[in-house]
Each structure stands twice: as structure tokens, then as C-alpha cells.
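Construct the complete structure from the given sequences, taking the supplied hints into account.
Chains A and B, in that order, are what the protein sequence lines are. Each residue of the first sequence is one higher than the last, beginning at 1477 in the working numbering. Each residue of the second sequence is one higher than the last, beginning at 24 in the working numbering.
With beta-carbon atoms standing in for the labels, derived distance ranges:
1) A:ASP1699 x B:ARG67: 35 to 43 Å
2) A:GLY1552 x B:GLU277: 41 to 49 Å
3) A:VAL1787 x B:GLN310: 23 to 31 Å
4) B:ASP304 x A:HIS1680: 51 to 59 Å
5) A:ASP1483 x B:PRO90: 42 to 50 Å
6) B:ALA340 x A:GLY1628: 32 to 40 Å
7) B:PRO273 x A:TYR1514: 29 to 37 Å
8) A:GLU1735 x B:ARG67: 54 to 62 Å
In silico DSS-like pairs for lysine-lysine, Cα to Cα no more than 25 Å straight-line:
9) A:LYS1534 x B:LYS141
10) A:LYS1705 x B:LYS84
11) B:LYS192 x B:LYS84
Which stretches of chain A does chain B cover? Using the computed rule of at least three CB atoms under 8 Å from a CB of chain B, they are:
12) 1571-1580
13) 1587-1595
14) 1598-1605
15) 1632-1641
These aren't lab readings, by the way, just hints derived from the structure by calculation. Cβ atoms here follow ideal geometry from the backbone N, Cα and C, with glycine treated the same way.
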Amino acid sequence: MKAYSRDFLEQLYRTLYTIRSFETECIKLYRQGLIVGYFHPYLGEEAIAVGTCAALRKDDYIVSTHRGHGHCIARGGQLKKMVAEVLGRETGYCRGRGGSMHIADSQTGNIGANGIVGGGIPIGTGAAMGIKIRGGDQVVVIYFSDGACNNGVFAESLNLAAIHDLPVVFLLENNQYAVSSPVEQMCRVPDLYKRAEGYGVEAHLVDGNDVLAVYEKTCEAVDTCRAGKGPVLLEAKTYRQSGHHVNDPGAYMPKERLEYYLARDPVKIGRSLLIEHGRCTDAEVDAIEQAIRQELEEAIDFAKQSPQPSVEVFLEETQSN
Amino acid sequence: MEITLQQSTDTRTILYREALNEALREELARDERVFIVGEGIAQRGGSYKVTVGLLDEFGPKRIIDTPISEASFTGMGVGAAITGMRPVVEILFIDFTTLIMDQIVNQAAKYRFMSGGKGRVPMVLRTQGGSGNGLAAQHSQSLEAWYYHIPGLKVVMPSTPYDAKGLLKSAIRDDGPVIFIEHKLLYMNKGPVPTEEYTIELGRADVKRTGTDVTLIAWSGMVPRSLAAAEELAGEGIDVEVIDLRSLVPLDKEAILESVRKTEHVIIVQEAIRRGGVASDICSIIQEEAFDYLDAPIKILAGRNTPIPFNLNLEKAAVPQEEDIVAAVKEMFN
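What follows is the structure, given as C-alpha cells:
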């Protein structure tokens, strides 16, 4: 393994643990009735967001999905504004108008989550087209899933990005379920990265639960894109550790498979990397975790105390639409 | 700023499609964030020659031919717009916008709202609709009501070369998104256009003919038809006012109401099928806000509730013609 500094490994772990805690705490808030609507946890997939975002510059872009909290946090999103948004408060990222599926953050180049599976793929391709026209060297990472691969815009956008050599990393998060449908039942070839060859697009398979593996492959892909030789497709194989959303018990997910992936939990892997290669003690890691839980608690308090959006203001804003 | 034709000292007569071409050329030259994507718009210059010459002048980086991938190249416009560009996306026929509904309805129209007002999608979707060339059911529709129905979109439908140029320039400068719908029968129409630069504010109707007896409210292809009918009716002593809405969203309610208060008689002429159309909504606005002024029930003259037929006689029968407008006006006064 390449040598990484303790600081870097610690940063990766912090983000992994923050995402895990955010999702875990929000699920509690959901069950208490404080969060309504759909909430799609990123549990089990954290290493993908953390590994990819660690390879990006501040001025790069990402396009997220309905399962997007992890991407937002990994890009440096603010927990207070995130919790406030999923609670529908005025202080949230979208002033309570967007909710969990629509968080966008222009400060961190996060073009936004998306309620439509595959809906963000052309949008990210367009951000890359803009970069090319301006002559910049930024890169766009488009997150999407195995489910989105069976939507037409995946094929269209892969081709569009290819014929224009666009600086896009198509980051396929293969969590093995399209809502409830297993990828092997929905695709004859479940290794989805193989589809890229037909479009003349470089593609690689990566262990989506190993944050360093994701980071290293993304660095290579980003270099390729910055050199004007994009796009690149990365298929990160992972597993959704919960149902499609909080109210989906995921009864269709075989126990053995879940256990296999729980044993390869990305947050646990990140923790051992920090301890073994970052020479961090258990006590030090505990302290890091404690600080993150504290920060999250403050964010939750902030959100709970934040005002609901004013109905009067909303009516006024929509008066002349 | 707007220069009206009356104010303009120097005009020439050009085609509707040439006026659109001028608008695109001027905006491309004025703002380097503007670029155009669409099928056959670069090399070929577009099916209706609206983008002729732009590739030579602005190069393949900004005038981009696309594969037949409507959903994705429209979405590409959305993403480029969100990140600071000003794309003009061309969809050959409004009928093909059925393929881009997610990107327009769920993405472009809602981005500003969903982001709490912070995001912008300064994109223009140029397309064309309408019947009259025997292009049959999948190339002749008038689908403006679909976009009229979606909060977050502006809908512009010019009827003259002058309006087409001034409105397209404003649409490109607007923070959008704007659905800009041209009419296939209008591309070869000629009209006066000032030589100096001008824009036309979105959301302002234009009284194309003043009159005192009855108001015809029309847009796009129905405007020249209504004007022709008005001329014929003038010979029979009926003084017709023709209002060209020019943009459906924003809708110039005040211009409509002002004319209604004057003439006290209204006929709304719409090429699109009647059911669920824009005319019905305008009708409801008038009866809510100017009921006391009306001297007769509001009449809607609209397309029949049918796919557009191929046969030219049937096609004509499916949408309002000049003689239908004349007959409707006469009936109102008998």
C-alpha cells in the first residue's frame, strides 16, 4: 500500500464517520416523526463519496442523487444547513423548499441531489460541456446507480461525453438494488462498467467499500479528465446496508449477502486504515468520533430550533408566478 | 431596450427565420457564455435554416451538432446553464419535446425553487410547432399548454419577424428557463425589422390591430390568420382588435383586460386542441376580472380534439382557419 499521512487518513475517516452518524441520527429523527417524506440512507456506501471527493479540487463539480447526503457531506457541506433542510426549516440549504432529495450547494460545487433516477446524468454532462467551452480544467463527478444505468439518458450522456472528450467521471455506485430489484435480475451483465467499451469510454471496476481504492482510482480518472482525455467511468461495487428508504425494511435483501458486506463495512475499513497505517490509537479515534457526534448534535439542535418557513412569505413569493 | 417599429428610423424587410438568425448571431457575439446545441444545427444550419452560418462564425465549440439524444442534450443545456453558461437548445419539433419532459419539467423548471431561490437556469429551449404542411400527427402539434401548466417556465410564441428577433434576444438574456416556440408556417413570412439593436420585454402583449367592436386574442400562427379575418370583417363594417399575446408566461393580463373593457366582445383563437388549452384559462381570467364589461359570452375558437390528420383538407378542418374566425365574429353579432 502507498504511504499516506495520518492527517489524510484521519480526514477520510472523519468524513466517513460523519456521513454514517448523519444518516443514523436522521433515521432516528425520521422515526420520531421530525423528518417527513422520503429519506434514502447512504449507509454502506460512504467510502465512494469520501474517496471520490478527496480526489477533487475545490472548483470541481459533483452531481448527486436521491441518496445524496453522503456526497454533500464529502464535498464539505454544512451539517447545520443539511439537518435543517431535511427537517424542512427556513435555515436549511433550500429554505425548506427542497428537502432531502433536492439539496444543492453552490459553495461546494454540488449541483444538487435529484429525485429522478438518472436525472442528474445529462446535467453533469452539461456542466462539463460548459467547462470545455470556457477552456477550463475542472472536472465533474456524476454519481448515479446501477438502477440509472437502465435509463436511456445513461447511454445518451455517455456517448455525448465521449464524442466531446468531456471532463466527466461517471461514478457508478453499484449498490446492487434498483429500489428493490437486484441488479442481476435487471441486467444480463451485472458488471456494468463493461458497457462503456462500446462508447469508447475508459472504464474500471473498483471496490466501493475501500475508501483508498476509490480515492486512488478517482485520482487517475481525474488526471485523465484534466488532460482532456475524458470521460472515464468508474464502477464502484458496494452494497446498500438498508432498504431503499427509511420505511423500506428491505425484506428482499438476502441475509448472507448483507452479512458479507457488513463484514466489509466501509466505515470499519476506514477506521482500521487510520489505526494501522495512520498510527492512531483506539482512544484517539474514539475522541474523533466523540467530536463528530457532538458537532452533529449541535446541528440537530440548531435545526430543531430553526423556524418553519413562513406560509405568508411563500404565498407572497408565488403570487406573481 | 425596446424600439418599436414606429420609432425605428431604419428598417428592412426580412424573413422570420432570418430575424431569429440575427438574434442568435447578435447574442453569440455579445456574450461568450451563449452556445447552441441541437440536431443538424451546425453543418446543416437547422431544418428551417435558423442557424445558417453560425458554425462558420462561431466555431464548433459553440455551435454543436448533437446525436439524436434529446433528453440528454437538453439536460446538458440545463447543467451548463446552472454552472454559468447561457445555452440555447434546439428541439426540431415540439412533438419531440415529449422526449425531454424530465429535464424540462422536473429539472429546469424546478431548480430555482428547489434550491431555495439560489439556483438559476438561464437556458432557452427553441422549438417549433403547429400544423399546415401535411406533416401529420407526430410533427404538427401545438403543445404550449403543457409548458404553460408548469410553474418555473416562461413560454414565448412570436408571430412576426420583429417580435421573433426582439423576444429571442430577451429570452437569451433572461434568467430563464424560457420555452421559445416558433411556428413552422411563419419561417418564410416577411416583416419589417429595425437595423439597430433592440429587445422586447417578455410578458408584454402587442395590439397588432386596433378596433372597437370585438377583441381577437391570438398567438403564434393564429395571429396572421386573425389579422386577415379582421381585414375581411372591416369590409363588412365590423371593427376588430387583434391582440398578439407574444408570451403566454408571463401573461399580459392587463393588455387583455384593457381591450375587453373597450370592445366588450372577446374571441380567443387557439390552434391547439381545445381541451385543457391556454384559451380556457384566459377565458376564466376574463370572466373573473372583467365579467361586468362583457356584452356576450366569451367564444373560444380552437383546434378539434384530434391528432392532426395527414390529408390536407382534413388538416385544415382540424384547426381554426380564416373563414372560421370570420364566421365566429359574425355569429357573435347576429
